[in-house]
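**Q** Protein chains in written order, with this note's numbering: chain W, 1 to 112; chain V, 1 to 343; chain A, 1 to 363.
Treat the hints as calculated values from the structure; they're not laboratory data.
Treat the hints with care, as some may be off.
As the list claims (entries may be wrong) - Lysine-lysine pairs mimicking DSSO-like chemistry, simulated, CA-CA at most 30 Å apart:
id, chain 1, residue 1, chain 2, residue 2
1, W, LYS78, A, LYS244
2, A, LYS15, V, LYS123
3, V, LYS340, V, LYS62
4, V, LYS241, A, LYS6
5, A, LYS243, V, LYS241
6, A, LYS243, V, LYS188
7, V, LYS168, W, LYS103
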Amino acid sequence: MNKFGFAPAKSRVIEYDSMHNQLLDYIIANEPSFSTCMSCGSCTATCSAGNLTDFNIRRLNIQIRHGELDGIRQEIDKCMLCGKCLLVCPRGINTRNAIMIIKKGIVNLGIE
Amino acid sequence: MIDVLIIGGGIAGMEAACTLHDLGFETLILEKEKQLGGHLRNWDTLFPTKRKASEVLEHYVKEIQQRGITVYLNTDVTSVKKQEDGTFELNTGREVQFKTKTVLMTTGYALFNAERKEEYGYKIYDNVITSADLEKILQTAKGELRSPSGNSIQSVAFVHCVGSRDEKSGNHYCSNVCCVTGVKQAIKMRQLLPEAQVFNFYMDLRMYGSGFEEMYREAQEQWHVQFIRGRLSEVAETIDKRLQLKAEDTLSARPLRMHVDLLVLLVGMESNKAAADFAQSCNLACAPSRFVQPKDFHIESNKTNVEGLFTAGTAIAPLSVFDTVNHAKAAALSVSEYLKKNN
Amino acid sequence: MQKQPKSTQWSLYQKEIANDNYFYGRSCIRQNFFPASEKTFLKILREELGKTVLEDPNHTTCTGIGYHSDVVPFDTTQTVVARQFSLMTAMGLKNMALSCITSFGLYTEILDTWHHFPEQLAKIRELLYKATKREFELPENIAHASDVIYKFRNEIAQKAKYKLVNKETGEPLRVVEHIGCHYSKMFPQSGVGGAEFPQVLSGMVEAFGGEIVDYPERRHCCGFGFRNYLVQANRAYSISNTKKKFESMEPFKPDFIITNCPGCPMFLDRWQYAIAEMEGKTYDAQGKGIPVLTYEELAGMVLGYNPWDLGMQMHQIGVESLLDKIGVAYNPEDKYKDIHGNQLPVPECPASLRGKILDTKHK
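So here's chain W without its partners, still in its complex pose (with noise of 0.2 Å):
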């Protein structure tokens, strides 16, 4: 197979035209304050799981937005459901909701 020793590179654009937003419309339908995310970082900030592991709920919100749902299933596993975000979140989301939604969705959608 590695005849020539290169292949094509596999493009790193997000391709929004074959975005997969089946999850997201789940999301929504379920805990309509997930799309009011301004992405100020405010529970990332506190998040017990973010500061000791690379979990970030902000980007997880843009990545499910942008359709990116590979290994989105490890990732949603690193929260531990404090709850702090919820707290802090200027937009009022139910954070904490929208994950157990995810997790549901995930299930539910059949997404690996």
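Take the given structure of chain W and dock chains V and A to it, following the hints.
**A** Below, chains V and A alone, put in the same frame as chain W:
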């Protein structure tokens, strides 16, 4: 009977009073404080020119005096009642009752009480102050600036959007002017404390006005102010009275911790209590932001739902000095049209 | 620059705490961790303050640990809590005093849920009736047991035999207070002083003569975090969070830590030993660790109860340094004796906590 009774002797009230006087109307100002000027009296400099606020104030006070416009100081309006003939009766703490053909409400704003953001520790930790406190300090600053606890200042952080864009504070709106105030004050701190580092924690930098973006660039280029995109989540005090800050550096997607000697909270504007009192006494419509709701935001932004009751300046929304003065000038013309039509 | 006058914003969070006639709900785990604390609470209330506190042996877990670990569904939890309310109703009581912070938080959450979703309350009434034929009234007042001690802090201080003062220097002791996360972080208005600056323990410490240390990580979790600890693979989370707190409080040189949650004293106490074993680090000058007390132990100690009757021999970090600082009378010989006075085996002294953590063994 007076033609126009102006409630609030800040820059909006004074600007409108001068214009209405020059248009030939009998004008009277009621001011609840013991001096004209409103919040501007406590402000050191104005963006984007960095001129002294006192220059602008002195200009307006002089204009009022030259025209001999009557001003009642220490006069707090308690109710505004519309009469059957379309005129108004105003009650104040004073014996005299005021009768007027029109009312112009230039009652301004209230500063957000930063104590409500408990996690930022205002009035709990010595070295947390507000942008308004800083302006007062700068008005009288002499010699080396030290922190309230008496330490020399090696680092300062500004927090944008304190009490604005914040559901937890009950304020969904943006206060418009804090972003540029933060940039202006950050530059000032670097000028006064050349050795100190200055950080601004922002969510979005809204440099909407003329000269604002240039000032932002100046802050980066000339004064090396460091802008960090992330909202502060909590503040705590260390054993040496410094402040520990926590935020996410959202652009590098990692939680951040830092210690500073002084923390400045850029407090936003809230609707004045006067708006609520008015709403009660004369059925004035207010927006969900609790500011006065103009009759038509684009075409009749000085009119309210009550005919003959006009408004100008920060009674309707957070506005800069530039926008306030223009809005007040427009209000004077709006009142003039009404008086000509109804006389 | 001018100093700001101190804020009294926290004082806006004041809750109603019942004066008498409590139904006491015990914790699942405290009797293992700090065995005499609940007994001390009952003794102080009944004997020192003359209050009526009743219990029911049929009282069970509230399922809080299972609920927060994702293994018990909310409907089940609500039904179990409804059953506790029915025990209270059957006794003719209307005031709850709960030993556990998580129970307290959960009860508050459930009552709030029922307030906003009355249909949920109707459903739970039905579920409970179907399962047990029991009915219940909602409590009129819910307090955490530390709220009750806080309410009577001045009465206790008047009867106190000791003050939280260093007997050598006459200086007030420096105390770190740690509030359980579920006390007021979910519902700030349900705790004395709210979520940011809760007063329930600091008020107690000040009434007893001590001084509160406000250190940067004061609000941070103790590290228990349920699944952080319950799943062994997650325990690095637990100890890392606890370590963060110790590092933050170390420069303040606290004399001891006081807590109001079942898990917090456990983890703040035991993890000091574990960190000492793992990294050879202790957070006090003498290498003995910082003693960690429950609020009942604190109240009992100032009232002059025998430390060994308070269960203080069960602590990993020896309390003797603290008792000596205050001048509390105790007999080192009795530390490991059972209630009949028989000598029990003496635990080994862990080598890596510098010096002699268990003073008695070396005396």
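**Q** A separate judgement is required for each hint: does it hold in the structure or not?
**A** Hints, verified against the model:
Between the alpha carbons of LYS78/W and LYS244/A the distance comes to roughly 19 Å, so the proposed pair stays at or under 30 Å and holds. Only pairs whose Cα atoms come within 30 Å are accepted, and LYS15/A paired with LYS123/V is accepted, the gap being roughly 23 Å. Straight-line distance between C-alpha atoms of LYS340/V and LYS62/V comes to about 28 Å, which keeps the hinted pair within the 30 Å bound. At roughly 15 Å between alpha-carbon atoms, LYS241/V and LYS6/A fall within 30 Å of each other, so this suggested pair holds.
Straight-line distance between C-alpha atoms of LYS243/A and LYS241/V comes to about 22 Å, which keeps the hinted pair within the 30 Å bound. A threshold of 30 Å between alpha carbons decides the hint, and for LYS243/A with LYS188/V the separation of about 40 Å lies outside it, so the pair is violated. For the hint pairing LYS168/V with LYS103/W, the CA-to-CA distance comes to about 27 Å; that is within 30 Å, so the pair holds.
Consistency with the previously given hints fails for number 6 only.
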